[in-house]
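J.: Please build the complete structure, drawing on both the sequences and the hints.
There are 2 protein chains.
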Amino acid sequence: MGSAPGSGYADQVVRPSPAEDRELHGQVALLLSTRDQRYTAQRRQIVRALAKLGRPATIGELVEAANGVPLSTAYRNLSILGEANVVRRVGGADGFTRFELAEQLSGQHHHHHVVCESCGLVIDAAASPALEAALAETARAIAKANGFDVTEHRLELVGRCTSCRDAAAS
Amino acid sequence: MGSAPGSGYADQVVRPSPAEDRELHGQVALLLSTRDQRYTAQRRQIVRALAKLGRPATIGELVEAANGVPLSTAYRNLSILGEANVVRRVGGADGFTRFELAEQLSGQHHHHHVVCESCGLVIDAAASPALEAALAETARAIAKANGFDVTEHRLELVGRCTSCRDAAAS
DNA sequence: TTCATTTTGAGAATGAATATCACTATAGGA
DNA sequence: TCCTATAGTGATATTCATTCTCAAAATGAA
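One line per chain: the protein sequences are L and W, in this order.
No gaps in the numbering here: position 158 of the first sequence is 158 in our numbering, and each next residue is one more.
No gaps in the numbering here: position 66 of the second sequence is 66 in our numbering, and each next residue is one more.
Derived by calculation from the structure, the hints in this document are not laboratory data.
From the three backbone atoms N, C-alpha and C, an ideal C-beta is built for every residue, glycine too.
Misleading hints may appear alongside valid ones.
Claimed, not checked - Derived DEER-like restraints, expressed as beta-carbon distance ranges: (1) W:Ser79 with L:Gly60: 23 to 29 angstroms; (2) L:Gly60 with W:Lys144: 27 to 33 angstroms; (3) L:Ala19 with W:Ser79: 46 to 52 angstroms; (4) W:Lys144 with L:Ala169: 15 to 21 angstroms; (5) W:Arg44 with L:Ser79: 39 to 45 angstroms; (6) L:Ser170 with W:Ala130: 37 to 43 angstroms.
To be verified - Only some residues are given here: those of chain W computed to face chain L with a beta carbon under 8 angstroms: (7) Leu30; (8) Val69; (9) Leu71.
T.: This is how it looks when you write it as structure tokens:
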């Protein structure tokens, strides 16, 4: 297993405008209130950190970006935000769980993940219509063959990020 | 997180014939010898268990199927077998890592995984040419957009297995 | 058989994730 | 505004899959 998960890559993160930001927090508040949950300062910090990072982030990255929210609080709230469909857990390729904003909140459409096998970095990648069509067809085939009811898919494209490739060329 | 990972589903496992079995162990022995590793009795037990189960299995399932190989031995050897490209780790949807034989050894061609979100069961699903073509195209697009060198992909189709759906209908 | 090397396996250590619980903050009624 | 019930916080303890340790056992070569 690799060492500490790095934050050594600069993807072009689309920083939300103030208006989009207000919109985001409004939606989160709504999603939480539906489940009788408050949108507390710490939860807001976490959501803000997720939006700022703009890619699946480890607990360490999150805690740092959410200026030092305690670990226990971060985990507890990520779990609550997960149940409220605000946050999605991404099973990391390295051993580290990562968290990202739900698609409907991040402003992105349906997307998949590109994982660096060397440093564990995860970035988002848009899904193409052809790919989604092929996935839907596969899901149909599986339902017929195995009786499995496929409702969702998770795709990881594994490779090497630019910085790791550069670092390897030494 | 769910409770203990279940073994509560009967997929039609294609049991290898004695000849295929000899072939399998021969290949494993070769792959190991390339890395100056012996094909010991415990490693053989593990490989046999993986072949018998015919789907990504948890440590618990493996240890049981490999009649009680100690945990530490199982983990150590799975790691060694992994480096020798005999075994592949499958990042479980629940918190449990699963292990399967490499595609070239299991007799299957390239395949993906179908995961039950309820009990964590994982079975294999064949990949269709259309899907693979779409994946290759996506990989190309990502290489162009982000500089990522995509060499592999992992696809999980998430849903509900028949037994869990039946159990839910109560 | 002997020796050097590898493998084993029981138990300890690691560390991400979760649970505990006394304390604090908040909402809403009086 | 003051109370009080309820929800949230955060330091700490616990859990548990996985990895590490190391003395003993197995293996292969000479």
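J.: Determine for every hint whether it applies to the structure shown.
T.: Hint check:
no.: 1; hint: W:Ser79 with L:Gly60: 23 to 29 angstroms; verdict: 25 angstroms, holds
no.: 2; hint: L:Gly60 with W:Lys144: 27 to 33 angstroms; verdict: 31 angstroms, holds
no.: 3; hint: L:Ala19 with W:Ser79: 46 to 52 angstroms; verdict: 51 angstroms, holds
no.: 4; hint: W:Lys144 with L:Ala169: 15 to 21 angstroms; verdict: 20 angstroms, holds
no.: 5; hint: W:Arg44 with L:Ser79: 39 to 45 angstroms; verdict: 42 angstroms, holds
no.: 6; hint: L:Ser170 with W:Ala130: 37 to 43 angstroms; verdict: 40 angstroms, holds
no.: 7; hint: Leu30; verdict: 25 angstroms, violated
no.: 8; hint: Val69; verdict: 22 angstroms, violated
no.: 9; hint: Leu71; verdict: 17 angstroms, violated
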